[in-house]
Amino acid sequence: MAVISQNLSPIVATPSFPILSNQNEHKTITESSSLAVSLKNCKTITELEQLHCHMTKQGLNRDHSAMCKFMSACTEMGTFDSLNYARKAFEQFKEDGDTSGSSFMYNCLIRGCSSLGLCDEAILIYNHMVDMGIAPDKYTFPFFLSACSKIAAFSEGVQVHSAILKMGFEDVYTQNSLIYFYTECGEVVCGRKVFDEMRERNVVTWTSLICGYARMGFAKEAVDLFFEMVKEGIRPNSVTLVCVISACAKLRDLELGERVCGYIEESGGVKANAQMLSALVDMYMKCGATDAAKQLFDECVDKNLVLCNTIMSNYVQTGLAKEALAILDEFPAQRLRPDRVTVLSAISACAQLGSILWGKCCHGYVLRNGLECWDSVSNALIDMYMKCCKQEMACKIFDHMTNKTVVSWNSLIAGLIRNGDIDSAWKIFNKMPESDSVSWNTMISGLVQESMFKEATELFRVMRSKGIKADRVTMVSIASACGYLGALDLAKWIYAYIEKNEIHCDIRLGTALVDMFARCGDPSSAMHIFNKMEKRDVSAWTVAIGAMAINGNGNQAIALFNQMLKQGVKPDGVVFVRLLAACSHGGLIEEGRYLFRSMTGIHGISPQIIHYGCMVDLLGRAGLFEEALDIIKSMPMEPNDVIWSSLLAACRMHQNVDMAAYAAQRIRELAPERTGVHVLLSNIYASAGKWTDVANVRLELKEKGARKVPGSSSIEINGKIHEFTSGDESHPEMSQIALMLEEMNCKVRDAGHVPDLANVLLYVDEQEREYLLSRHSEKLALAFGLISTGPGTPIRVVKNLRICSDCHSFAKLVSKIYNREIIMRDNNRFHLFRRGTCSCNDYW
DNA sequence: GTAGGGTTAG
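Numbering (the UniProt record's numbering), first residue to last: 1 to 844.
Heads up, a few of these hints could be off.
To be verified - Heads up, simulated DSBU-like pairs for lysine-lysine below, C-alpha to C-alpha not over 30 Å straight-line:
no. : residue 1 : residue 2
1   : Lys69     : Lys94
2   : Lys150    : Lys43
3   : Lys535    : Lys250
4   : Lys360    : Lys294
5   : Lys69     : Lys138
6   : Lys535    : Lys492
7   : Lys396    : Lys431
8   : Lys220    : Lys231
9   : Lys40     : Lys94
10  : Lys166    : Lys150
11  : Lys360    : Lys396
12  : Lys193    : Lys250
13  : Lys360    : Lys404
14  : Lys88     : Lys138
15  : Lys360    : Lys322
16  : Lys303    : Lys271
17  : Lys427    : Lys404
18  : Lys570    : Lys294
19  : Lys57     : Lys94
20  : Lys466    : Lys427
21  : Lys150    : Lys469
22  : Lys427    : Lys720
23  : Lys500    : Lys720
24  : Lys404    : Lys466
25  : Lys166    : Lys94
26  : Lys466    : Lys720
27  : Lys43     : Lys303
28  : Lys271    : Lys231
29  : Lys466    : Lys454
30  : Lys150    : Lys88
31  : Lys250    : Lys303
32  : Lys720    : Lys816
Derived by calculation from the structure, the hints in this document are not laboratory data. All of these numbers come straight from a predicted model, not from anything done at the bench.
Please work from the sequences and hints to get the whole structure.
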């Protein structure tokens, strides 16, 4: 608006202008054809001004027909200056001729404003026209509706629609514009209604609705409508095809895309233009047919900027950053200059590669060409410098930005979190002038990455209280946090929330939900969601198999795996980790051996060190030490501390003291910082009664100044998560908990339980050790669960470490004595205690 | 006169 009302530069008066300066100087431009030619030849605003000057001399500035032609020419020039001039000339015309002007003149101005994006201005001019008592004609509405569409001025458009109905305009142009207006405002159904009620439709009618559907995310409907159109015998043009091809790209549906291409070839009528080529390249890239896209691109002899930008941005989005940058080499030969879109992709590619060298080059180009004024470009630079670990540079760009957008803040926060500085990210997040769902999602997923699960769920609560809509990304993070917390009530709430808010459950969210329920000890809900998923990739199958593994259901895990193979999903290394773990927990030795062999033999996956670790675990647990050692010896890589730790854990289970010492020695050499080893080893010595060795290990531990990771258990009561650490007395209801513990201890002792003191590492007297043992975090949580829930309610406890053997036999007895199901998750699997037994069959 | 391709952060 400001642009159009600014002062014009003074008109430079020149005696004549090109078209009239030939032989017939005396001849005036009275003939309309002559004026039309003169106008058509005007290339600059100065020439227009000169022409208007000349018209004034001839008195034509008061001639309605001449002025219409003049204003039309101004509009067609399409610059702010020409539009301004048209407006000024129009004002003068009205004043001099004492007239209100005509609808044609108003149409010119509305059209000019709309095409320059001055849509508010276009609406004002329309209103002014109506106020002046000038009736709009059938040309007015398309221009006006186009302006309304661009700024989604819904009520203005609807008002005009009723005016159109009253005036009885039923021409196809107006109706087409209405379809476009409604779809652009997100009211596809209204657009469809206009379409359905039309008596006569042309290719633009169909195309408008097809594009409307595609733009609003109804890509499937767009493609269906296209085929319906073809069936009706309407020939699509290049615009239609661009739309429908881009709809196929949105659907990531190559088959459909190729069907459309097949139609184009069959009909032979539509010649592929540059826009269609770009749309095709985009479609092939998005559908994963990179080679087809590249071939089309390479075959094109006169590549334009959009085509290059299309392939570049797609390369970046597919993670092919090098290929994206290689497209830049084509630019000089095609006489192309990178624009802001090109630069955006290039910077993004550098960020992906972590290439500060190329990144600085891009930055230089941006500065030399004044592109930093585009905030998207500056935002991309912030992201790039953050990803290249140049935090200072990123902050400098951020500080220098005159209008920081929410994306600038988001990029900064995401960068800080990526670089591990969650505290600074928190501070900046709280200082943001405005935030959107991405800001919250970034922060929540950052907290999850930092294992701050309770904080993540709390922030999610705040997010909702501020009225920020949670989306798929939010829910993936929250589901993951909930899974780690093992909070089943929260899990159920999350699932209900997703259903209630109709958050689309795609493959990623589905996978996250399956994993969440699996970790919360609800495998049937996990499988329910898994079975409902539309598509399942190897990750989805992996979490489902994991759901079986964590509950010790080895056979079902294997059954799922076979089902996966049957459906043609290619296994990867990760799924074998879960499978082997499932075999290990279920004691399925033979099956484990077979699966391990099938990795190389059938699926062509070479085992990584983690798979060897699984095998050592599997064999070690079964007491097959010789075979476990053979596996270690057969490894193509050096065994690491994890491998020896698996063996050490098995030694503990089977009281194999000699091999334990050997394994512990290997771990000391490989990872002297691992203090957990000392704990394990000390436990093994303690169980074997080798107290001198226990003392030695303890001494060594003391010298290193290391401490055991404190055990912690949590329990969810009425949606609140209570956390207990070993020996912790800080809980507000500690006195009742202590009383309950005492009662439990008495009852289990009466039932024949003898405390397994080997589980206490500290070198203290027996009585003290017994006390410490009775205050293990899982026992505290259990006692709290018993006093906080009604009789018969299952109790769910989540522990951060492996459950200790004393607590395990304690829990078995508690489940019997108090007639409760106890579901306890440790860092490895679930234990379901029921009527005095555990689902792990004491094998964990 | 109406319809169209490439754009940063989670």
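How the hints compare with the structure:
1. Lys69 x Lys94: 16 Å, holds
2. Lys150 x Lys43: 28 Å, holds
3. Lys535 x Lys250: 17 Å, holds
4. Lys360 x Lys294: 28 Å, holds
5. Lys69 x Lys138: Roughly 18 Å separates the two Cα atoms, so the pair holds.
6. Lys535 x Lys492: Since the Cα atoms of Lys535 and Lys492 sit roughly 22 Å apart, the hinted pair holds (cutoff 30 Å).
7. Lys396 x Lys431: 18 Å, holds
8. Lys220 x Lys231: 17 Å, holds
9. Lys40 x Lys94: Cα-Cα ~24 Å, so holds.
10. Lys166 x Lys150: Distance ~24 Å between Lys166 and Lys150 Cα, so the pair holds.
11. Lys360 x Lys396: Holds: Lys360 and Lys396 sit about 14 Å apart, inside 30 Å.
12. Lys193 x Lys250: Status holds; Cα separation ~24 Å.
13. Lys360 x Lys404: 21 Å, holds
14. Lys88 x Lys138: 25 Å, holds
15. Lys360 x Lys322: Status holds; Cα separation ~16 Å.
16. Lys303 x Lys271: 16 Å, holds
17. Lys427 x Lys404: 17 Å, holds
18. Lys570 x Lys294: At roughly 27 Å apart (the allowed maximum being 30 Å), Lys294 and Lys570 satisfy the hint.
19. Lys57 x Lys94: Holds, because 17 Å separates the two Cα atoms, which is no more than 30 Å.
20. Lys466 x Lys427: Cα-Cα ~18 Å, so holds.
21. Lys150 x Lys469: It holds: about 25 Å lies between the C-alpha atoms, which stays within 30 Å.
22. Lys427 x Lys720: 26 Å, holds
23. Lys500 x Lys720: Cα-Cα ~22 Å, so holds.
24. Lys404 x Lys466: The hint holds at about 22 Å.
25. Lys166 x Lys94: 29 Å, holds
26. Lys466 x Lys720: Cα-Cα ~21 Å, so holds.
27. Lys43 x Lys303: 27 Å, holds
28. Lys271 x Lys231: 20 Å, holds
29. Lys466 x Lys454: 19 Å, holds
30. Lys150 x Lys88: Holds - the C-alpha atoms of Lys88 and Lys150 are around 25 Å apart, at most 30 Å.
31. Lys250 x Lys303: With a Cα-Cα distance of about 23 Å, the restraint between Lys250 and Lys303 holds, given a limit of 30 Å.
32. Lys720 x Lys816: 27 Å, holds
Checked against the numbered hints above, the structure violates none of them.
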